[in-house]
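Chemist: With the hints as extra help, turn the sequences into a complete structure.
Going down the list, the sequences are from chains V and Z.
Numbered per the numbering used here, the first sequence spans residues 1 to 73.
Numbered per the numbering used here, the second sequence spans residues 1 to 263.
Derived from the structure by calculation, the hints contain no laboratory data.
Using N, Cα and C, we set each Cβ at its ideal position, and we do this for glycine too.
Incorrect hints may appear among the rest.
[Said to hold, decoys possible] Distance windows between CB atoms, simulated:
| no. | chain 1 | residue 1 | chain 2 | residue 2 | range |
| --- | --- | --- | --- | --- | --- |
| 1 | V | L57 | Z | L241 | 57 to 63 Å |
| 2 | V | T21 | Z | S14 | 50 to 56 Å |
| 3 | Z | A11 | V | S6 | 46 to 52 Å |
Now for the letters of each chain:
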Amino acid sequence: MNKATSMNLKINGNIKSFDDTSMTIEGLVIQLNLLGKRIAIEKNGMIISKSEFQNILLQDGDQLEIVGAVGGG
Amino acid sequence: MAQKKDSLIIAGKSYQSRLLVGTGKYKDFQETRLAIDASGAEIITVAIRRTNIGQNEGEPSLLDFLPPNRFTYLPNTAGCYSADDAVRTLRLARELLDGHTLVKLEVLGDPKTLYPNVMETLKAAEVLIKEGFDVMVYTSDDPIVAKELENIGCCAIMPLASLIGSGMGILNPWNLQIIIEHAKVPVLVDAGVGTASDAAIAMELGCEGVLMNTAIASANDPIMMAGAMKKAIEAGREAYLAGRMAKKLYSASPTSPTQGMIS
Chain V
1 MNKATSMNLK INGNIKSFDD TSMTIEGLVI QLNLLGKRIA IEKNGMIISK
51 SEFQNILLQD GDQLEIVGAV GGG
Chain Z
1 MAQKKDSLII AGKSYQSRLL VGTGKYKDFQ ETRLAIDASG AEIITVAIRR
51 TNIGQNEGEP SLLDFLPPNR FTYLPNTAGC YSADDAVRTL RLARELLDGH
101 TLVKLEVLGD PKTLYPNVME TLKAAEVLIK EGFDVMVYTS DDPIVAKELE
151 NIGCCAIMPL ASLIGSGMGI LNPWNLQIII EHAKVPVLVD AGVGTASDAA
201 IAMELGCEGV LMNTAIASAN DPIMMAGAMK KAIEAGREAY LAGRMAKKLY
251 SASPTSPTQG MIS
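Modeler: Dropping the structure here:
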């Protein structure tokens, strides 16, 4: 195997495999049907601002937390 | 008599409603919205949780029912047991809500009782305030801890009336009174209110407001209870401002005139 044909990302605690190995965070947001939703993303412990989504490439093994607002006291 | 506008002021912003409500434990979003409308609350708490991945695209979200431009969202750190987790959660919340800085900090110490961990709360408050957050802080009813949280720079102190979700009402009015007397920032009761009279008592003690969730959401009729709470808060506030009569064991002055009695 000379070139990786997929990458694994750990998203919200679950490992997911993606065929696109040169995907930005924005690309991931689109794939997950989260475009336009009010979310915040942390990559490897660092918060990524929305304006950076299109600039940051994801790498195999990245850990992401994608959060939203839910009902709570 | 001209009525002076009596507003609740938190972190420089004024609010007409002194009732703050949570958005959890309702049957559905529709009921959540109806109850919140009936409560008249302007500030509503939300939790920050992992979003559903790869599920229904058209699945409704809380934000569709409670538009953030109509309500002041108060993201909380419910479920956090350490200062680090709480700080991390609120940084994400700030990103989520486009730089919104008003937050509710709560760090719990025990999953069984949900009693707050004031040591971790103090640590988290310090970090958050340095980072520019306006921190409304949930705490025990310990007056020294309350003062310390105020000294750190919290914009509102929110001691418990009794434990979260217990509905036990105000267990220690004396401590609350000490906290209120010494605080220069608003003191709001958060947690433990069970029914309308509890909320009224909190306000009569001089609280600036009350934050509740379960008392409304777990009532048989949440929407009616939300209305009851609204009235209780207003009644309690007015009674506080009006200044109650002194308590005495008996009175030597009857309500009706002693002159002109028939004989």
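Chemist: Run every hint past the structure and note whether it holds.
Modeler: Hint check:
Evaluation of the 57 to 63 Å hint for L57/V and L241/Z yields a pass: the beta carbon distance comes to about 60 Å. Taking the beta carbon of each, T21/V and S14/Z are about 53 Å apart, inside 50 to 56 Å as hinted. A hinted range of 46 to 52 Å for the beta carbons of A11/Z and S6/V is consistent with their spacing of about 48 Å.
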